[in-house]
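Residue strings, one per chain:
There are 2 protein chains.
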Amino acid sequence: MHTEFADLSLLVNPRSVVVVGASDRADSVGGRTLANLLDVSGFSGGVYLVNRTRETIRGMPCYKTIADLPDAPDLAIVAVPAEAVLEVLEDAADKGVKFAICFTSGFSETGSDGQRAEAKMREIARRSGMRIYGPNCPGLNNINSRLGFTFSPAFKLDLNPGPIGLATQGGGLGRSFLQAMERGLGVGLWASGGNEADLEVSDFIYYMAEAPDIKVIATLIEGFRDGEKFIRAIQHAARNGKPVVALKVGKSDYGVKAAQSHTAAIAGSADINRAVLRQLGVIEVDDVDELIDTSALLARRLPTGDDKLAVYCSSGGAAALAADMIGDAGLELATFSAETIASLKKLLPDYANIENPVDTTTSILTDPEVVDKTLQVVVDDPGVSLVLYPTPLEYGLVTLQGAESAIRVQAKTEKVILPVWMSDRLGDGYKAWVRAGMMPARVLGKAVKAARRWVEYGVWRKTYDPAYEPLLLRQNYALQVSSVPYAMRTLSEFDAKALLCRHGLPVLRSGLARCREEAIALANDMGYPVVAKIASADITHKSDVGGVAIGLQDASAVSDAWDRIMSSVRDVRPGAAIDGLLLEQMAKSGGIEVLVGVHRDDVFGPMITFGLGGIYVEVLKDVARRLLPLNRIQAQQMIREIRSYSLLEGIRAQQPADVDALVDLLLRVSDFVSEAPDIQEVELNPVWVGPQGQGAIPLDAVIIKRVEIMNEETKRSEIWQ
Amino acid sequence: MHTEFADLSLLVNPRSVVVVGASDRADSVGGRTLANLLDVSGFSGGVYLVNRTRETIRGMPCYKTIADLPDAPDLAIVAVPAEAVLEVLEDAADKGVKFAICFTSGFSETGSDGQRAEAKMREIARRSGMRIYGPNCPGLNNINSRLGFTFSPAFKLDLNPGPIGLATQGGGLGRSFLQAMERGLGVGLWASGGNEADLEVSDFIYYMAEAPDIKVIATLIEGFRDGEKFIRAIQHAARNGKPVVALKVGKSDYGVKAAQSHTAAIAGSADINRAVLRQLGVIEVDDVDELIDTSALLARRLPTGDDKLAVYCSSGGAAALAADMIGDAGLELATFSAETIASLKKLLPDYANIENPVDTTTSILTDPEVVDKTLQVVVDDPGVSLVLYPTPLEYGLVTLQGAESAIRVQAKTEKVILPVWMSDRLGDGYKAWVRAGMMPARVLGKAVKAARRWVEYGVWRKTYDPAYEPLLLRQNYALQVSSVPYAMRTLSEFDAKALLCRHGLPVLRSGLARCREEAIALANDMGYPVVAKIASADITHKSDVGGVAIGLQDASAVSDAWDRIMSSVRDVRPGAAIDGLLLEQMAKSGGIEVLVGVHRDDVFGPMITFGLGGIYVEVLKDVARRLLPLNRIQAQQMIREIRSYSLLEGIRAQQPADVDALVDLLLRVSDFVSEAPDIQEVELNPVWVGPQGQGAIPLDAVIIKRVEIMNEETKRSEIWQ
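Protein sequence lines, in the order shown, are assigned to chains D and R. Per the numbering used here, the very first residue in the first sequence carries number 1; after that it's consecutive. Per the numbering used here, the very first residue in the second sequence carries number 1; after that it's consecutive.
Here chain D stands alone, though its shape is the one from the complex:
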C-alpha cells in the first residue's frame, strides 16, 4: 500500500482519457460512461475508445487494446466485466497510463477470490506507479470542471458546482449528499472509491486539502484502511485551514456487520474513532443530513472561535424551541447591547420579545419592512456572529418577503444568517433562500446542531498546534513497519513501578527488609504510614496467609507487624522460603482515585485513556482519550472532559485535587510510551491524586512489553531489561 500521497491532479483533471469497454448502447455501463464524458461533461482533452469488437463508436475509431493507442492517456476508465479487469489494468500500466478508474464490481465484496484480485491491483499500482481508483465504485465527479468519469445516469442531474469536497466509500449516501445541493450550495469534487484497492478516502482528503476550489471537506467513512494515512491527510487539511466533517458508518455491532458485508474496511471501535476524530479537529456528525448542514454552514463562513448566536423569528413557539435547543446544546445566546435593545424596542410592538431570542410576532404580517430593519439591528450587534432564522410554516407572500429581506441583510454582512425552513411545503420563500445560496436547513434541531459544531470547530482551531503533530506519526509508523517476531510480556508490579520510576514517574517508595531492624530503618526512612507484605516467591496470595499489614503508623507498629506476619506465615506455610518483608509507603487519605491507561490501537497507534477510578470507568464509562503524544493543553483538556470532572474540582467543600500533578503525570506517561515503542500497554489503576500541592501517584501499575523473540537464552534478560 502506498504510504505517500500522490499528486492526483491528472486524475481529477486529466489531459486525455481512454474509455475501455466503450459502447454506444445507451443502457450499458460503457455507453452511459461515454455519454457522460462526451455529452454532459465539458471535457476538452483527448478521448480514446477501446472496444474489442467494434471499429468505430459514434464515428470515433476504436482500438482493440490500450497497447494499440498512439500515446498514453492520463486516465483509463475501465468499464469491462470483472474477469477482464486485471488484464486491462496491466495493459494500462504497461502503456504508461497514470490513473485508472474501475467501476466493475465483483471483487473483495464477494469474497476471497475478489480480495486476491484486488491484491494484484495493488501490486500493479506499486510496480508501475499507475494509481487505481475502485473497483466497485460509481466513478469520479469533478463538478467544478464539469467532468464526470462515471456511468451514473444521475450525473447530469447533479451538476451544482461549489466549495464542498466530498470523499466517500459507498456511493448511495454520497449521491444523497449531492442531491441536497439543490438547496443552494454545491459539491466541487466527489470521490467515491468503492473497494479502495489502491486510492482511498485519505488520498482525496489530502488532495482536497490542497485544491484551491475546495473550502470544506465532507467525508463518509465505513472503515479506516490505514489510520496513519488518514491522520496525515486530516492534518494536511488542518494546516491548510480547511475543516473536515465526517460521518463514520459502522459504529455499532449491527452497523459493523452491515458495513463489512458492503466493503472490506475495518470498522473500528466507535469510542476510539470518536476520540481520534475529535482530537484531530474532525467534526464528527451522526447522520447524512447533519453532514450536509454542517458542511454547508462551514462553506458559507468559518467560525472565529468566539462565536455567539442570535435567534430571529416571527413565531414565539419556534423562538422558544430554538432557544431551548441552543441551551441544551451548551451554546450561548448573545446578550444584546443596550443600543440593539433600544433600536428593537422602537421598531417592534410592545409585546414582541426584543431580547435574544427575538420574536417579531405577527408584525411581519402588517409591516413588510420590519425584517429589513430589525434583522439588520440584530446582525449589527457586536456580540452576534450567527443568526438562526427559523421559518416554521410557509405563509405565501409573508414568508417570501421575510426571506427576501433577510437575503438583502445577508448581502451586506460577513456574519452568517442561517435559515431553517421547517415546513414540508416548499414555498417561494424557500426558493428565495435557495437561490441566494443560503442553503436552508430543514429541521430546527439539526440547524442548532450544525451551529454547535460550527462554534466548536472555531474553539478547536484556537488551540490547534500544528507544530505538535509529526511526533504522533513517527510513533505510529515505527510500530507498523516492525516485522521481527515478538511476544507480549507482563511485568510484575515491582518491576513495572521500577520502570516507571526510571522514567521519572512518581511512585511510592518500597524496599525489602530482611530483618526487623532493617524494616524499622526502611520505614523510618520512607515515612509513615507504611504497608508491610510478606516477601516470598512461594506465596502468591499474601493476605490468605496473614502476610499483609496495612496502615502501620510508627516503628513499634512495624515491629509488631514483623512478629505477627512471620508467626502467621510460619504457622500456615511452614515450608515457604521467606525473603523478609516488603515495605511500601501508603498514600495519604483524602485523595481521589483515577485511572491512566495506554494501549496501542490497531488502526491509530498508541492512545491514552483517563478517567476516575472504579465505577466511573466500569459503570459510567466516563473516560477521555487522546492519541499520544500529549501536549499540556491536551492533557488539561482531557481531564476537564470527563463528566465527573467536578469531583476533581472539589465538591461539597472538599479541597480541589492536585490537577497540575495529574497533568504532569499524563505528560510523563505520554513521554514514557512515546520514547519506548516496545511498551504495548500501561495501566496505572488506581492513581492516587491528593489535594492541591500533594501530588498524583500511581498505586498500582500493569505494564505489558512487546519483546522480540530471538532465542530462549536471551529472552529473560530482554524482558526485565
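Each hint should be verified, as a subset may be incorrect.
Computed list of lysine-lysine pairs in DSS-like fashion (alpha-carbon distance at most 27 Å, straight line) [unchecked claim]: (1) K415/D <-> K156/D; (2) K431/D <-> K345/D; (3) K373/R <-> K345/R; (4) K308/R <-> K373/R; (5) K621/R <-> K621/D; (6) K431/R <-> K156/D; (7) K156/R <-> K431/D; (8) K346/D <-> K412/D; (9) K431/R <-> K431/D; (10) K345/R <-> K412/R; (11) K588/D <-> K588/R; (12) K415/D <-> K431/D; (13) K308/D <-> K345/D; (14) K64/R <-> K95/R; (15) K542/D <-> K588/D.
Covered stretches of chain D, going by a simulated chain R footprint (3 or more residues, C-beta under 8 Å) [said to hold, decoys possible]: (16) 84-90; (17) 397-405; (18) 435-445; (19) 590-597; (20) 634-647.
In case anyone wonders, no lab produced these hints; they're calculated from the structure. All C-beta atoms in this analysis are idealised placements derived from N, C-alpha and C, irrespective of residue type, glycine included.
Mind docking chain R on chain D? Use the hints.
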C-alpha cells in the same frame, strides 16, 4: 378555572354560528373568517352575522349585537378589536351562546391590563357556562368535518383529513405540523387556544381522547396551566388506548424566557416535566419533525409491546447507518428465521447482506421484481413487526419501482413498512409513498427515533395500570383547594425519624440515656455497634464540643464514651443543661448509600426522587422521578432507571444490594406522603442499602410539614402532633 371537562362537541361541530365583526373586506380578519366559513368550509348549519355599521354583508342580513339575534347560536366567533371583546363576550353569554372563539390579540401577552381582561373572561365563563377559546389564537380547524373557524388564509391549503388530533398553544408550529400532512396523512382536528383564558390544551386532549375519528393525539405545550387537569386528560386518553405525543417548548432558561413572552403559561422545570410525561405514557419528543414522524407512525399502527425491527435497503451505506442508529437507540434488530434467510439467499446475489439489515445491493437496478419478492419475505418473518425502508437517493424509475413494490407488500400486511426518503430531490418514488399514505420520514436518524418511541410506547402500555391512577388525582387536588393560611415547619431529626417509624418505615433504633447504666442497657438492647451523642438543647454543634462517639462496639466502649463525652462537654460548655446521651444503632459497613426524597411540585403535586447518594446526585444528576403514589412496578422501574443502577446489582464481585427492601421503602414513603397531605417535603439522605436480605434504612431524615396557622398557643402542639 373549570376543573371538570365540558363536552366540546358543539364547539367542534356547532349547529349554528354567529360571526361578530363579520366583514366583506378580503384582507380583514372578519372578511377572511367569513370566507373560510362560507367559501371553504362545508358548513351546513345556520350562520348569523354581527356588524355595528353594515346592514348586509354578502347579501346576508347583519345584526347590531348578539342580543338582537333571533336565537342563541352554539358558537360565537369574535373578530373585533381588543377593546370591544369583553362586551361581545358578555352579550354572547347573556344570549345563551355555548362557545366563543376569540382571535383578538392584545391580552395577557401584553401585560397586566390584558391579564385582568382574561380574568374577566374566566369570570364570564364561570358565571354563564359559555366556554371561551382564545384570545390571541388562530382559531379552530375541524378538518375531518371541513370546518374552519379561523381567519387564516392558509386554512384552505391544509385540508388533509386524518386520524391525528393536534392540540397546541401557539399557532406557528401547529401549522408547521399541518403542512407536513402533505406527506400523506392528515390532522382531523387542530385546536390552538392561544392565551387559553378558559379552554386549554388539556380540554382538547380530553375531547380527542373520546372523538372516534382521532387515533393519536399530538400536542405542543409551552406551559402547563393546571397540572391536575393535564394529568386527567392524559389518563383519559390512556384509558381509551390513544397515544399522546408531546413536544414541550420552554425547557431551558432561554426557552422559558421566550415562551413566557409568548404566552403566560408556566414553563415548569424540564426534568420534572419529563418525568411526569414519561410516567403517564406521554411520548415526549424534542423537535417538531419528531412530533410529526412519531404521531404519524402511531397513527399507522399501534405497537404490541414486543416489537423488533428490520432494515431493508439497497444501499449498503444506508443499511449500515440505519443499523448503527438502531443499536445506539437500544432497539433490537429481529433475528431472521432460518426460512427467511434461506428464501433471501435464493432471491438475492451472493454478496448481498441477507441477514438483518438487508442490503439487496444494486440487484434492484436489474430486477424490477426483487423488492416485491424479498421485502415480502422480510415482512413475513415472525420476529419482525416494523420494517425501516431507507431510500438515500432519488434514482428515477428504480426508486419509483422500489416504492411501488413496497406499497404492494404493505397492502397485504398489518406490519408497518416505514419509508425514509433521505434525498432533497422529491422524485416519483417519494410521491408514490405519499399517495399511499405511508408518510415517508425525511431524515434517517429521525425515522429511527420515531421507531424507538413507537417501540417504547408499546412497552409502556404493557405495564400500564389504569386502576392505579385516581389516587394520584385526589392527592394533588387536596392540596390545591386548601385555603387556610399555613406555614412550613422542619422537624428535628429525632422527630422526623419518630414520624417515619410510626408510619412503618424502618429506622435505626435510638434512645435517650440519662445515666451511664441506662446507656449500657440501651446499647445492649439495640445491639452493637452504636453511636453516642450528647443530648442537650443548648448544644447545636455536637462534634465541636467533643460530644459525639461513633463505632462503639461493646458495653465498655459505651461506658468509656460516657466519661469522655461528659468530661469534654463540661470542660468546653460548663453552663449547658445536659439531658444525657442519645444512643443510636449504627448501620453495618458494606452497604450502598442512596437518596429518597419527596417534594410537592407546584404544577403536578407530590413527586418522589430516587438516586444513589452523594456525587451521583450532585455531580451526575443521576436520579429517577415519579409522581406519587407509586405501585410496585413503578418503584422497581425507577430503581432500574438510573444510570448507575449496576452498582446496586453488584459490580466487581460485590454482593447485590437489597433492592427488594429498597422497593418496600419507596412504597412506604409513597404511602406515608399519600396519607398525610400536610407533609410538604421529605429527604432521606443517606438511606443505607445493605446486601441482599439486610434491608434498607434511612440514616438521616429531613421532613418539612405544612401546618395551618391558627394562633400561637396551638401552633407548637400542631407541629409535633
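Any hints this thing doesn't respect? Which numbers, in order?
Failing hints, ascending: 1, 2, 16, 17 and 19.
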